[in-house]
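Just so you know, the UniProt record's numbering puts 158 at position 158 of the sequence shown, and the rest follows in order with no gaps.
The hints are simulated quantities; they were obtained by calculation from the structure and are not laboratory data. No residue lacks a Cβ here, since even glycine has one placed at the ideal position from N, Cα and C. Each hint should be verified, as a subset may be incorrect.
To be verified - Pairs of lysine-lysine, DSSO-like flavour, derived with a Cα cap of 27 Å:
(1) LYS100 with LYS89
(2) LYS136 with LYS12
(3) LYS115 with LYS100
(4) LYS89 with LYS136
(5) LYS89 with LYS115
To be verified - Beta-carbon label-pair distances, calculated as ranges:
(6) ARG175 with MET154: 44 to 54 Å
(7) LEU110 with VAL179: 12 to 22 Å
(8) SER164 with MET70: 29 to 39 Å
(9) GLN108 with ALA139: 46 to 56 Å
(10) ASN88 with GLU147: 31 to 41 Å
(11) MET154 with VAL75: 18 to 28 Å
(12) VAL75 with HIS166: 43 to 53 Å
(13) ILE71 with ARG175: 10 to 20 Å
(14) MET113 with ARG175: 47 to 57 Å
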Amino acid sequence: YNGLDRLISRRKNEKYLGFGVPAREGAGRRAASQADVANQSGLTTAEEDNLEKDAMLAQVEARDLIEFGMIPEFVGRFPVIVPFHSLNKELLVRILTEPKNALVHQYQILFSMDKVELSFSSEALRAIAAQAMERKTGARGLRAIMETLLLDSMFEIPGSDILSVHISEDVVTGRSSPVFIRGRAVDEDQPPLEMRVKAK
Numbered sequence: 001y002n003g004l005d006r007l008i009s010r011r012k013n014e015k016y017l018g019f020g021v022p023a024r025e026g027a028g029r030r031a032a033s034q035a036d037v038a039n040q041s042g043l044t045t046a047e048e049d050n051l052e053k054d055a056m057l058a059q060v061e062a063r064d065l066i067e068f069g070m071i072p073e074f075v076g077r078f079p080v081i082v083p084f085h086s087l088n089k090e091l092l093v094r095i096l097t098e099p100k101n102a103l104v105h106q107y108q109i110l111f112s113m114d115k116v117e118l119s120f121s122s123e124a125l126r127a128i129a130a131q132a133m134e135r136k137t138g139a140r141g142l143r144a145i146m147e148t149l150l151l152d153s154m155f156e157i158p159g160s161d162i163l164s165v166h167i168s169e170d171v172v173t174g175r176s177s178p179v180f181i182r183g184r185a186v187d188e189d190q191p192p193l194e195m196r197v198k199a200k
């Protein structure tokens with residue numbers, strides 16, 4: 001429902017006289033116009049933008065949906081209108097880590113197939129969430145960010161002596177590379193040491 005918040009803002013802040021001509025450029029109308037300019041120029045953060053949008057959508061009425069383009073007969077079938085809230089950084093971090101099939105857990109399993117441990121700092125997870133908010137892609141954009149972030153590591157690991165990979169905030173923001181902890185490469189075709197000792 002992109003733009004629905006602007007319709008609500010117009011209804012809340014504009015006063016009309018006569019034939020629908022605005023009575024005056026009130027403070028509310030100017031504030032709404034300035035907010036639009038700020039959003040277009042990137043002066044407000046994604047989080048502030050979402051908070052403003054949520055505050056407007058919380059005041060949605062049936063007439064706003066009709067003005068948005070829904071037919072009145074369809075809107076009349078909704079006895080209660082409940083707006084959804086935008087995802088903030090904390091919720092996106094929880095989506096990354098808490099569900100059973102969370103993205104972080106999926107990639108940790110993927111890395112463990114090469115016997116490599118994958119870890120993220122809490123700041124790195126918040127930076128990933130911040131990128132998703134800036135791109136306005138929500139939770140669906142998290143996978144693309146993770147894929148781009150870990151792509152080089154996934155190519156580096158097979159056949160290497162890497163034992164673990166650590167992702168920090170600087171890695172997410174592009175200021176540094178992932179931290180690799182290396183050890184002696186193990187030849188999979190060679191039997192374990194204790195078996196070789198027994199064979200002697």
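Here's how the hints hold up against the structure:
With a C-alpha separation of about 19 Å, the suggested pairing of LYS100 with LYS89 holds against the 27 Å cut-off. Among the hinted pairs, LYS136 with LYS12 is consistent with the structure: their alpha-carbon atoms are about 26 Å apart, no more than 27 Å. Between LYS115 and LYS100 the alpha-carbon distance is near 21 Å, which keeps this suggested pair within the 27 Å criterion. The straight-line distance between the Cα atoms of LYS89 and LYS136 is roughly 12 Å, inside the 27 Å bound, and the hint therefore holds.
Only pairs whose Cα atoms come within 27 Å are accepted, and LYS89 paired with LYS115 is rejected, the gap being roughly 31 Å. A hinted range of 44 to 54 Å is violated for the C-beta pair ARG175 and MET154, which are about 21 Å apart. Between LEU110 and VAL179, the C-beta spacing of about 18 Å keeps the proposed range 12 to 22 Å intact. Checked against the hint of 29 to 39 Å, the pair SER164 and MET70 fails, with Cβ atoms roughly 53 Å apart.
The hinted window of 46 to 56 Å between GLN108 and ALA139 is violated, with their beta carbons roughly 19 Å apart. Between ASN88 and GLU147 the beta carbons are some 23 Å apart, a value that contradicts the proposed interval 31 to 41 Å. At about 48 Å, the beta-carbon gap between MET154 and VAL75 misses the expected band of 18 to 28 Å. In this structure the supplied range 43 to 53 Å holds for VAL75 paired with HIS166, their Cβ-Cβ distance being about 52 Å.
Distance hint for ILE71 and ARG175: a CB-CB separation of about 52 Å, inconsistent with the stated range 10 to 20 Å. Range check, MET113 to ARG175: about 29 Å between beta-carbon atoms, so the 47 to 57 Å window is missed.
Checked against the numbered hints above, the structure breaks hints 5, 6, 8, 9, 10, 11, 13, 14 and satisfies the rest.
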